[in-house]
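Protein chains in written order, with the working numbering: chain A, 1 to 124; chain B, 1 to 281.
Examples of chain A residues toward chain B, derived with CB under 7 Å:
| id | residue |
| --- | --- |
| 1 | Thr6 |
| 2 | Leu8 |
| 3 | Ser11 |
| 4 | Val30 |
| 5 | Thr31 |
| 6 | Leu33 |
| 7 | Tyr35 |
| 8 | Gly62 |
| 9 | Glu63 |
| 10 | Ala91 |
| 11 | Gly92 |
| 12 | Asp93 |
| 13 | Leu123 |
| 14 | Ala124 |
Negatives, chain B to chain A, calculated, CB over 10 Å:
| id | residue |
| --- | --- |
| 15 | Pro4 |
| 16 | Ala6 |
| 17 | Arg17 |
| 18 | Glu19 |
| 19 | Gly23 |
| 20 | Ser28 |
| 21 | Ala73 |
| 22 | Asp79 |
| 23 | Arg80 |
| 24 | Gly151 |
| 25 | Ser163 |
| 26 | Glu166 |
| 27 | Pro262 |
It is worth saying that the hints were derived from the structure and are not from the lab.
These numbers come from a predicted model, not from an experiment.
We treat Cβ as the ideally placed atom computed from N, Cα and C, and that holds for glycine.
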Amino acid sequence: MGENATALQTSLDRLLDSPGVTGVALIDAVTGLVYGAAGDIGEAGGGAESSELAALIAQRLGEAGAEGDLESVVLTSRRRHQMLFSVVRPAGDPLLLAAGLDRDRANVALALRSLGDRVTEVLA
Amino acid sequence: MKAPAARNVPALLQALRDEEFTGTVRVSGSPGGTIHLRNGLVGAIETPGAPTATSALLTTGRIDDEAWLTACATEPDADRLGAHLVTAGLIGAAELEVVCTAAVHDGAFAMSLGAAGGWDIGDREPTLVAAPGVEPRALTDEVTRRVGLLGRAGVTAGELARSRPEAVEESAVAPAGRRGGPWVQPRLRGLLDAVNGRRTPRDLAFALGRGLYAVMLDLDHLESQGLIRREARTTPGDRPSTAPRVIPGTADGSTPTGGPLPRRRPGGGTPSGERGEKADR
Numbered sequence: 001m002g003e004n005a006t007a008l009q010t011s012l013d014r015l016l017d018s019p020g021v022t023g024v025a026l027i028d029a030v031t032g033l034v035y036g037a038a039g040d041i042g043e044a045g046g047g048a049e050s051s052e053l054a055a056l057i058a059q060r061l062g063e064a065g066a067e068g069d070l071e072s073v074v075l076t077s078r079r080r081h082q083m084l085f086s087v088v089r090p091a092g093d094p095l096l097l098a099a100g101l102d103r104d105r106a107n108v109a110l111a112l113r114s115l116g117d118r119v120t121e122v123l124a
Numbered sequence: 001m002k003a004p005a006a007r008n009v010p011a012l013l014q015a016l017r018d019e020e021f022t023g024t025v026r027v028s029g030s031p032g033g034t035i036h037l038r039n040g041l042v043g044a045i046e047t048p049g050a051p052t053a054t055s056a057l058l059t060t061g062r063i064d065d066e067a068w069l070t071a072c073a074t075e076p077d078a079d080r081l082g083a084h085l086v087t088a089g090l091i092g093a094a095e096l097e098v099v100c101t102a103a104v105h106d107g108a109f110a111m112s113l114g115a116a117g118g119w120d121i122g123d124r125e126p127t128l129v130a131a132p133g134v135e136p137r138a139l140t141d142e143v144t145r146r147v148g149l150l151g152r153a154g155v156t157a158g159e160l161a162r163s164r165p166e167a168v169e170e171s172a173v174a175p176a177g178r179r180g181g182p183w184v185q186p187r188l189r190g191l192l193d194a195v196n197g198r199r200t201p202r203d204l205a206f207a208l209g210r211g212l213y214a215v216m217l218d219l220d221h222l223e224s225q226g227l228i229r230r231e232a233r234t235t236p237g238d239r240p241s242t243a244p245r246v247i248p249g250t251a252d253g254s255t256p257t258g259g260p261l262p263r264r265r266p267g268g269g270t271p272s273g274e275r276g277e278k279a280d281r
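Taking the hints into account, I'd like the entire structure generated from these sequences.
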């Protein structure tokens, strides 16, 4: 963490302490703009792709009758997990926290719980 | 300060970045705007084309007017207002950073939709700025991405920005076997409710305290769901129509053929049976 790190950068850096997390990024869920990132940015995923994916899933869930907002998305490949969390915001367009995790070092259930609990800290 | 030689605004900003310039760049044009630089980084953009961070915070009610005025009175230097808002507990530092950064990108996008004229460089003018600011090159790349994403075959992002979308009756686009319209996300529902056929995307952005680009993207979603329709203007401005005049009573607007031209008679009026006859009273 640099001496002049911004508050957002500090928040994101802190999330790298979670077991298995290799990269995180805070993304605008509408525009796909990446506001900040920490660790391996490639592991967290691209902003535009993540926002489009979350929007598509939310739309399909809504059409299928699901109620409430999208909370999280978990993608699993052979070696890694990618997670997207909706970041609750008092006003303004929604945000997404994207996290890349090493599958050998992360437990999906624990990571969902751990990161999910800490999502609210990102905008503090 | 003497402005560095540059062929366009992005090149100018990059040159000012190299000089770690602090001050303002006033860009003329439509919409034009003022770019606030701090140590070469873009801290804020004020343009008639998109809401600023201040507008986003107040319009959405994230910070109420009274608290805002109190904060402004306590901290007269707007450059330090952000830090004061955080210290006063009105908003988190990271959240403020997000709001200000989003506004910078949105302002740059809005300015890119019209041709820039000239520019003037001036001293620092206090305003609510993103800290530390946005790299000019990153800003240019993001604007390029946005303009490319919104542009469609035959319609540019600038033309879409001048469109005036109107809502379509939802029952008309109901999926087969379902009453009512398609499922619409709450955010899109709010935008749909604000669409009235007179507002441009810019008007909607200001009314909702949202970014212009975000509104334009959401309008795209609504249009793809068939919930709005819009006809992008193919010509900038409000040029008078030069379409052939349709004469009432004729089936089409084709030019009448045959027959003599109306003749003017002494005493005014034209003979009965000729076009241009005044109605009997």
